[in-house]
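Hints in hand, dock the two standalone chains.
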Amino acid sequence: MSILTYIAGWPLLAALLLAVVPRNYRVILRAIAVLATLIPAVLAVKMFAQFVPGANGYQFEQQIPWVESLGISYHVGVDGLNVGLILMGAIVAFAAALCSWEIQTREKEFYILLLVMTGGILGAFASLDLFFFYFLHELALVPTFIMIGVWGRGEKKNYATFQITLYLSIGALIALIGLIALYLQSGANTFDIPKIIEHAKANPLAASAQNFIFPLLLFGFGILVSLWPFHSWAPLGYGVAPSPTAMLHAGVLKKFGLYGLIRIALPLLPQAAQSWAQVIAWLCVGNILYVGWVAMRQRDLNLLVGNSSVAHMGFIFLGIASLNIIGVTGAVLIMIAHGFLAALTFALSGYIYQQTGTLQISELGGLCRKLPFIGTALLMAAMAGCGLPGFANFAGEATVFFGAWVKFPAITIIALWGALVIGGVYMTRAIRNVLHGPLPEKWNSLADAANAWRKLPYALLLASLLIFGFAPKLLTDKINPDAEKILNQAAPIKLVAHTATSGARN
Amino acid sequence: MNASLMTLELCVIALGTMLLLADFWVPAERKKFLAYAAIAALGGLLAISFNGGGICNPGSAFNGSFVNDALAIFFKRFFLLAAILVLFIAAEFSTRLAEAVSEYYSLILFALAGMLFAASSNDFAMLFVSIELITITFYVLVSFQRGKINSLEAGVKYLILGALSSAFMIFGIALIWGTTGELRFDKLAEFLARTPQLASSQIFLLGVLLVLVGLGFKIAAFPFQIWAPDVYQGAPTPTTAFLAIGSKAAGFVLLLRVLFTAVPAVAHQWTNLLIVISGITILYGNLCALPQRNLKRLLGYSSISHAGYLLLGVAALSANGQAAVLYYLAGYLFTVLAAFAVIAIVLKNVENEDISSLAGLNQRSPLLAATMTIAMVSLAGIPPLAGFFGKFLLLKAVIEQDATHPGYYCLAFTALAGVIISLYYYFGVIRVIYWSREPADVVAIELSSPAKGFIWVCLAGIFWLGLFPNTVLNFANEAAAALGK
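As you go down the protein sequences, you meet chains F and H in turn. For what it's worth, our numbering labels the leading residue of the first sequence as 482, then goes sequentially. For what it's worth, our numbering labels the leading residue of the second sequence as 313, then goes sequentially.
I should point out that these hints are in silico values taken from the structure, not numbers from a laboratory. All residues carry an ideal CB built from backbone N, CA and C; glycine is no exception. You can trust all of the hints, since none of them are fake.
Chain H stretches covered by chain F per the calculated footprint, using a threshold of three residues with CB under 8 Å from any CB of chain F:
{"no.": "1", "segment": "685 to 697"}
{"no.": "2", "segment": "702 to 714"}
{"no.": "3", "segment": "718 to 732"}
{"no.": "4", "segment": "783 to 795"}
Chain H extracted, bound-state conformation (with noise of 0.2 Å):
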């Protein structure tokens, strides 16, 4: 037992726990500063755990099924960072959730620890129970602006979808237990060595399969995409943002650990199916996103994209595939993050959403439109932002596999059609902003000083990945590596 590996975790629920009870003291009118009270715990636990101080220190707990290696730290460092900035976009977004702002808070810090859970679990209970902590609260975020009916749509939608697939995944972990009787992932991937006739076992690869549904739920990969338009476009958008970074990054470092610690044989037998789901995933993420006028739809699209993007990555079965995954969750953190932050200042007052509602941001905002530009064009992946490195890494190790597989070369040129589709409805969005006929409104938009700093820091992330990455790409490298262990 080496429960002190589990600080982290700890202090982020205590921290959660106590941002609740803060509530009974806290004025009505203050309790925007209890979200910049948590920003500021997380910064500390962020730094900490680089300074080697204690909560990140590498081991296992619980018979093993509580991992801390290189993997697990570099989406810990990530999950935190990503909390820090979607908690700074809540802040933005108080004065809309009209009550229970301090819940909202901590919902997002009890999701975070489930995020944190997630990296670190090594064993299949684990794996179910970290996924439903997640989950579960984020039923209550989706649904959290009760008053609106989008909102309770999109919060029945989830959970209904949601249910589905953990009730999938419950039933494909009982067959795997049933068949190898075992849980945990390196212990399975032992008794996969031994006895490779498993490998062919319908029932153990039903398991495996139905196991991957639930991730590929989680992820919203076709053909489980479908509830992520609707819940994107409904939900509260810090909900939205924290559901686009966190917890697909939580459904990535699942499935990688899942395909590569736990099965890796299988994964490899399985090299045709995810190639194809990988290709299907882009190509849907995009076509749907061509018509959309509705913002968070069209992110919610171009989000089950750029899910087919990493995809590519897994599917090359390779640790600088899996590297490359890494790197593009880095940078799409950056980025998604500065659009919903975006959005969640400038449609404050505006109810449908729609596309149009952007025009004239350029001179109601200069800084806002250049970061919706940047992060626009990062996601399309053009030199020299985030997504262009990402791609280029996801791209190589692609082709890099077109030895072993004639279907590499046609997934690459998959994920190119999907870039250039992509084009068109990234700089649609662009086209509004900066050059729209008649701006319905042009009143100035005042920024808070939070706002400001969140959005520059987004910004130099895009930029600091795009035309730095030796720093992210060798923690990616080195935490790619853990997985092969």
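The shape of chain F in the complex, shown without the other chains (with noise of 0.2 Å):
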């Protein structure tokens, strides 16, 4: 068996378990949840340190027939542009369930739901079949919609149910019809992702059937991205889901659509994404600077980190449409970063509400004094959300700004400005407002996060996105040669591959 399949079982047998845990052993139950999502990121991290970069093929393959009518098979397997993928969703999965102590009422369910969703989720990562990938994310997203109904909070939680429910399925759905189209039209009558893409480059798709495909998958996965228009359902949704679900679906669960154009629709439907491309990197200019600006206008906390984080997916978006090694690899690289910050950022902001009950910025101030751990933790994933050097995110924008330059010097330009400037008011004066300034009297009384235990999902973020912050490499050196495999079906002009290094490198 493969590693991966461990990865993904572990949490999926341990919500099997819980179930007939009797539910007022609490301690057990969380114990349970917590080693369940241990074991995965001790695999992942096994896993990181022995893929063989630029190997030939997938690594830690296995491939087991389910339907064989219909040529579905369960066949996991990763290469360099999922093997970080898996890494970060298993850690942030292992640091959603350690932050899940704010969970008070029916703990057992809301343990079993957020095994599932990590099960699913890290499962449709490693898959290379068009129908688990689909079906392992539905299986993750559904659990999104109820640990929100039931342990969201705030006025708005049921408008904001409704509203994520609605929106998500809605792309879900677009793109599960895209993804059937797509088995259909390849003619390949498999559901293997591998066996498609080499069907298609002796037979490639026709160019109507590729136009007409690839807007459905474009927009069904990037509805699940909130690509702008499509956008807001995410930052209520963020605003009201419980902090560990928020962490999970804006860190991992979101990146699934994206991670879907990169290993579907751009290596075989090359001619689509081609033309398509202008209008990806028009709507991420909504992403960067609308929503950006949206964000700068929010007095609530988790409002401001949620349009933060829809902001952020701007930058993949410009990154996928510049169709070159170091834009896509840059996409990828940010991907990984922005699933550590978002957890990390809404971890935070999950403990302060814990605290406050209240993430009205103009209700709270001072709180470094009270809570310095916590607020030096918030400053520095400000820090790293603005795109200071040092940290993950920086090394993916820069490294995508140098793919796009190429491409769409103009949008470049916008999004530069978007990062630097709009990013920077926000994530500064949110700073400002929330830890520094005169500590209203009520606060006297909050108290840090008490010991090592408590602190461990912080830090354990935080350490992710300086090791790959400062050693980019790491990541480059794996996404890179799979970019480039990617994008040999996809764009008919192939950039020079030491170029791609030098980029992501800087």
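Listed below in structure tokens is the structure:
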């Protein structure tokens, strides 16, 4: 059995196990959940370390036929594109399980859903079969809705639950139609992604079919990733969600759509990708500028963080739209960096909410005096968010800009401006109002993260951001060769490989 | 003559008669056990049918008007399973029927016999007789709670509309016979192939259309769906469950036979009609379900929408589409029966069957709450449950045909819109179960052990069809292959 099966399988097995543990054994419930996310995290680190960059084909592969008459099989494997994503997903899931102490009611159900979500999304990233790719994502998506509906906070809970459910289901179903159409049009009669790609090399899809399927995938996946103008579910949904759910969804689940575009749409629909690249590039301006501007106007810390997370998706889309090795490498790099960052910020805002019961920026202030650890972590997260060198986000964003400059100089300038100025403005303003200034009387009783156990999730996520910030080479060396493989199909104009590596190292 | 092919049907009828007789000797408080006896007997028949023991031999009888092909055998097993599960619900429900419990059980068995005949019918006369056997039994089953005005109203509505549709159907059969002189499906297809000008004969087409009207009534497709919500709401819960699954599946097996065995040329001519009917049925069922507060009425509208989804597979006019219909029905069997079982158990003492009476169910019985949730999620079509794989197959079958007709993509998107709309009301039910403010009633619900077993069977079925589709899909593919012959 492949290590990937264990990574995705442990959480799902543990979810079944939790179903039979009585609900009053709270410590055991929690211990099982933490353990069932720790094991995949350790295994993912091991897999990441053993991964051979640039090797031919997929590594840690496993394939079991499932429905032979349709050509569906359980097929997992990693290459440079998903190895980092799985590592990120497993670490974030572990951090989310550690942060779940804020859940006080119906813990049993919460942990079951959290583990199903974890197993589903890790499985989806590992999957090399179109059917399972979709199936496991949907399996992870549904618990999100239930968690927001049951454990969500604030008055807008019901509205936000229905909004996120309907929005994301529409996105997922449009993508499903696109995937089925792709399966049928490819003529390979299999759902196996490597086989379809192999088949498409010999018989590329007709241009008309490509131009029809690409928008289905782009907008289907785009809705899942909060591509402007389909982003309005995200800030509100994250604002209402309990923080472990927001961490997992914003950090990990949301990257599914982007990963799908890179893994499936770019190699199989290369001509359509060329003709739609311009559209994606302009839409991502909407994400970066418009949503960035909306984020500046927020008075609620969680809505601000949610909007800024939507804005960051713009850079990833820009990297994909540039359709060259540097751009796509950068896009994958930001996906990983943003996963850690989004999880960190939602975990921190969740901690503050737990302590104060509000996230209205005007009510907060001077919190750094009472919460030195949390405050410092929040400050660092904000700096990572506006792209300070030393954090993984900088490496990713810089790479994307290098990649995009060749193709869209004007948009790159706008995006740069959005990243440096707009991001800087709202992040520093939030930091000033939340952490500095006079401390209101009522917050005198706040307590910082008490012990190492409580500090662990934040420290872990920060450490990941810093490690990949100082050594992005750990990731780019793995991503680069496979991004090149994907793009050899996508772009008729091949960029010289050495620019790619030099760009990534900056 | 090969009457031994009908062993299964004869056994079921004999069983029903025996139940009627046993009524004389069994004391009133033990009548519930008659249901378990019937379940055991049907379970035995089902087991034998898988063991190759004589009752499901392939072949044909009565000059070919009765056939036992792969399709018939698939549906016979399906109906047996459905009847077994419905009898479980009926046993749970028996306290509310007050009197004549054993008649109720035996009527279920007679309806089952009708469905078994329907699965095998290869002739318009056989089709009509089996449909009538089903429908007339259901007139009684629907209005069985004689003391309740709702039940009687439902019975009268079903009777009037059912009789009307039967009249249409017999008129249609007469027209077909008058223009062709054939009643057997395969002979009719040969006749049609020999005389292609028949496919444009107005009288013949009117006949086929009228037969389809009658079948449309059985499956509750638009525009013949008008009875469904009222009857679903008024009928006793086990009857509603049997209507939702048994009667609908019988309609579908006959529809498949008529369209693809008897008049394949006409079916291809009417692609547009099938696409439009399927699309409208999906939208109508889902949109009308949105404002419903009565659970059974909600499921009534939801069953209309599921008829629409099933019609996707019919409209696709391909073997894959037909196999998808069969697979979807198998998933729908477990799902919808699980939902009705929960309704029958939880709402035992509630008169109005409002959704709000499910409030606090997760405190009263976590198992029932989980079952209802899983049933709703499966009806909505979310992995890893049966409903998802069924919808996936149906959508795939429809999109597969896009080269032949541009309407198929529109149909796929209509189905998608239907799924999105349905999420709203299915999740509404789940919301009431888990997070309604103040549950009125928090008394724990005691489950009898047969009820528990029943629920685990349904849950296992829902997950099995969602996670391991291979076996049933192969059965469905074989059965669909029998249609084209």
